[in-house]
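Protein chains in written order, with this note's numbering: chain E, 1 to 462; chain Y, 1 to 168.
There may be inaccurate statements among the hints.
Partner residues aside, some chain Y positions facing chain E, computed with beta carbon under 10 angstroms [stated by the list, open to error]:
1) 18
2) 20
3) 33
4) 49
5) 73
6) 81
7) 84
8) 111
9) 112
10) 118
11) 132
12) 159
Chain Y side only, calculated, beta carbon under 7 angstroms to chain E, not exhaustive [unchecked claim]:
13) 29
14) 63
15) 143
If you want the footprint, here are the derived chain Y segments under chain E, 3+ residues with CB under 8 angstroms [claimed, not checked]:
16) 90-104
17) 119-128
18) 146-152
Worth flagging that the hints you see were computed from the coordinates, not collected in a lab. The beta carbon of each residue, even a glycine, is placed where N, CA and C say it ideally should be.
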Amino acid sequence: MITFGEGNLRIPQWSRRVFMVAGGCSPFRKYFPEYKLEELVMMGYKMMLEENDLKMSPKEIKDSIQYAAYGEFADHFQDQLLCEAKIHDYLGLDPLWNTGIKTGGATGGATVLNAAMAVASGYADCVLACGWERMDEVDTRTGNFYISTAACKDFETRMGRIYSSYYAPMANRFSESYNLSEVTRAKIAVKNRGYAVSNPNAQQPGRHTVEEVLASPMSAYPLRFLECCAMTAGSASALICNEEMAYKLSDHPCELFIAGGTHTLRVADRRHMEIPLLPNETPGMYDELLKESGRWPGFESFLAARFASYLAYRMAGVKDPLEELDFVELHDAFTISDIQTYGDIGLRPYGQEADYVESGDCYFTNPNTGEPGKCPANLSGGLLGTMHAVGATGIWQAVESLWQIQGKWDYFHGDQKWWDRAGKEKPADYENLQLPDAKQGLWISHAGVGSHVTCGILRKAW
Amino acid sequence: MAQPYEGPLTTEYIGEPLDLFDDQKAWVVRWPRALEHHHTYGLLTPFFKGLTEGKLLATKCTNPECTENSTWLPPRADCPDCYARTEWVEVPAEGKIYAYTMLGYTGIGIEMKAPYWQIDVEIEGVDTIFKGYLLHGKPYTGMPVKAQFRTENPSHTILDICWVPVED
Numbered sequence: 001m002i003t004f005g006e007g008n009l010r011i012p013q014w015s016r017r018v019f020m021v022a023g024g025c026s027p028f029r030k031y032f033p034e035y036k037l038e039e040l041v042m043m044g045y046k047m048m049l050e051e052n053d054l055k056m057s058p059k060e061i062k063d064s065i066q067y068a069a070y071g072e073f074a075d076h077f078q079d080q081l082l083c084e085a086k087i088h089d090y091l092g093l094d095p096l097w098n099t100g101i102k103t104g105g106a107t108g109g110a111t112v113l114n115a116a117m118a119v120a121s122g123y124a125d126c127v128l129a130c131g132w133e134r135m136d137e138v139d140t141r142t143g144n145f146y147i148s149t150a151a152c153k154d155f156e157t158r159m160g161r162i163y164s165s166y167y168a169p170m171a172n173r174f175s176e177s178y179n180l181s182e183v184t185r186a187k188i189a190v191k192n193r194g195y196a197v198s199n200p201n202a203q204q205p206g207r208h209t210v211e212e213v214l215a216s217p218m219s220a221y222p223l224r225f226l227e228c229c230a231m232t233a234g235s236a237s238a239l240i241c242n243e244e245m246a247y248k249l250s251d252h253p254c255e256l257f258i259a260g261g262t263h264t265l266r267v268a269d270r271r272h273m274e275i276p277l278l279p280n281e282t283p284g285m286y287d288e289l290l291k292e293s294g295r296w297p298g299f300e301s302f303l304a305a306r307f308a309s310y311l312a313y314r315m316a317g318v319k320d321p322l323e324e325l326d327f328v329e330l331h332d333a334f335t336i337s338d339i340q341t342y343g344d345i346g347l348r349p350y351g352q353e354a355d356y357v358e359s360g361d362c363y364f365t366n367p368n369t370g371e372p373g374k375c376p377a378n379l380s381g382g383l384l385g386t387m388h389a390v391g392a393t394g395i396w397q398a399v400e401s402l403w404q405i406q407g408k409w410d411y412f413h414g415d416q417k418w419w420d421r422a423g424k425e426k427p428a429d430y431e432n433l434q435l436p437d438a439k440q441g442l443w444i445s446h447a448g449v450g451s452h453v454t455c456g457i458l459r460k461a462w
Numbered sequence: 001m002a003q004p005y006e007g008p009l010t011t012e013y014i015g016e017p018l019d020l021f022d023d024q025k026a027w028v029v030r031w032p033r034a035l036e037h038h039h040t041y042g043l044l045t046p047f048f049k050g051l052t053e054g055k056l057l058a059t060k061c062t063n064p065e066c067t068e069n070s071t072w073l074p075p076r077a078d079c080p081d082c083y084a085r086t087e088w089v090e091v092p093a094e095g096k097i098y099a100y101t102m103l104g105y106t107g108i109g110i111e112m113k114a115p116y117w118q119i120d121v122e123i124e125g126v127d128t129i130f131k132g133y134l135l136h137g138k139p140y141t142g143m144p145v146k147a148q149f150r151t152e153n154p155s156h157t158i159l160d161i162c163w164v165p166v167e168d
């Protein structure tokens, strides 16, 4: 059992306020031989400098940066140690200090957290948070093996050599404990891949049906191929600033809060423990649930996601997530991990996660009522529909969240220039998924089988 | 006065030219790899040796000052709660299935023929849940299983233990 010391539960507090002002990304594809990695990174970085209505020229912004945090999941994929140095040089940022960040699937979120720490501490006023992954140098099965080395090499990797096989037991366990049907899981894939149709950068957009998802080939039972994200090549960049710099650069900055949590790499090693409660939860509310499931987090939930949101909500003063968040971007690498997270971050109490989908709250338009969804999830298309270029993912989710709050969703997804850049036809059924008055959004960046999770909150600050 | 260094006067290319895929916008080259690591099991060596002798060994923290005194499987040499060195204990080679999946598709190098069942086993007295694979049968949550060990021709990996239904 993990018992917390009083000191362990201190709520993070920035020494000064932190803001996000701009973002950019490359298109995302399975296979991207036209460009070298550094060229893909430059594409997203330049988009960040040039396309975010900043009040300084790209050269002036470059001259204002003091630090860079770089996210990359796996040296295996890049086949290049110290890739950060190559990228940093390519972006012309030497001799400014940079740090390479590696926390598996949560690398992007951890990179934003590191950039925010640099601003909050006063080390820097203007920081680049940038991430990438190029997973196309190896064939898919070799890629599956590389990713599975992010399970324990002594006790787990040999059991599957594919990451879906470490989530699939959780899916079976969750379905039995909390009465989750495969149809609810499939609805997540339908929704997110459907939203990806309106994202010019999306790798796997598609108007699927629940039946198609359930008829797709089995990866690891019960997870089907259409319930799993794919490997991606691409990059994302974000600009993180202190208050003065944020308003000097932008009339529409967002204030940033972000915190992280961790848990064992091997799910095996999760011992039973007390549930840390969110601000909207009350002592005793899970007594019955624990009597049935026997242990928490068990295979049903993620301590890392719970702990990250436990800290982030208190840091940002969020009391009731479902009421106070206008949207979320979750780490839907697998349908099941998306659903598991609803309980961890308090969109529903534990045990009632499926209701977030079935109620229609997670949709842009609630399919039950035809009214706007209460707290739409993954309007970007998510990992299932748009991308999982791992080191970039948590940064890209933050960028999509920023654009949603800034009211720029339609520009960054609908403008013809982005479809041209991606070399795609803008589809006739493109939907503008801009929320009318989004003030606050949350994104989750998630690694391992819940080994590292960051919970970031962006809030309109103008 | 130091003698000038007499280096070679010519450099010979002894590499293998890379295959080229030049049917795309950019040149792509085939860049093969062959790697070998010498990986140690360190202080967990008794566990892996135990599998080849038909024993399932866990570690337990026996420090009277420790608040948890957990029993670990996978084992670990150091207690994460109090940092004491743990002790080896033999645990029952039987348990119940806590969770399971069937692998239909696997990454390269897999040593079992897909499809096969991967299972997570709860063992009495062990605080963790131990991952393994089912040799035969169809798993369900709560299914009693017992361990089998690859004592003949061991793989010297975690695959030297697997599970079968208790009814056998």
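Hint check results:
Because the beta carbon of residue 18 (chain Y) sits about 13 angstroms from the nearest beta carbon in chain E, more than 10 angstroms, this interface hint is broken. Annotation: interface hint on residue 20 (chain Y) violated; nearest CB of chain E at approximately 12 angstroms, more than 10 angstroms. The beta carbon of residue 33 (chain Y) comes within 8 angstroms of a beta carbon in chain E, closer than 10 angstroms, and the hint placing it at the interface holds. Here the hint on residue 49 (chain Y) is broken, as its CB sits about 14 angstroms from the closest CB of chain E, past 10 angstroms.
The restraint placing residue 73 (chain Y) at the interface with chain E holds, with a minimum CB-CB distance near 8 angstroms, inside the 10 angstroms limit. Proximity of residue 81 (chain Y) to chain E holds as hinted, the smallest CB-CB distance being about 8 angstroms (cut-off 10 angstroms). A cut of 10 angstroms between beta carbons decides the hint on residue 84 (chain Y): the least distance to chain E is about 16 angstroms, and the hint is violated. Given the 10 angstroms rule on beta carbons, the hint for residue 111 (chain Y) holds: about 6 angstroms separates it from the nearest Cβ of chain E.
Because the smallest distance between the Cβ of residue 112 (chain Y) and any Cβ of chain E comes to about 8 angstroms, under 10 angstroms, the interface hint for this residue holds. Given the 10 angstroms rule on beta carbons, the hint for residue 118 (chain Y) holds: about 5 angstroms separates it from the nearest Cβ of chain E. Interface hint at residue 132 (chain Y): satisfied, since its Cβ lies 7 angstroms from the closest Cβ of chain E, which is below the 10 angstroms cut-off. The criterion of a C-beta within 10 angstroms of any C-beta in chain E is met by residue 159 (chain Y), whose closest approach is roughly 6 angstroms, and the hint holds.
At about 10 angstroms, the closest approach between the beta carbon of residue 29 (chain Y) and any beta carbon in chain E exceeds 7 angstroms, and the interface hint on this residue is violated. Using the Cβ-Cβ criterion of 7 angstroms, the hint placing residue 63 (chain Y) at the interface with chain E is not satisfied: the shortest such distance is roughly 15 angstroms. About 12 angstroms separates the beta-carbon of residue 143 (chain Y) from the nearest beta-carbon of chain E, more than 7 angstroms, and the hint is not met. Counting residues of the stretch 90-104 of chain Y whose CB lies closer than 8 angstroms to any CB of chain E gives 7, so the stated coverage by that chain holds, three being the minimum.
With 4 residues having a Cβ less than 8 angstroms from any Cβ of chain E, the stretch 119-128 of chain Y passes the three-residue criterion, so the hint holds. Judged by the Cβ-Cβ criterion of 8 angstroms, the stretch 146-152 of chain Y is not covered by chain E as claimed, because only 0 of its residues qualify and three are needed.
Checked against the numbered hints given earlier, this structure breaks hints 1, 2, 4, 7, 13, 14, 15 and 18; the rest are met.
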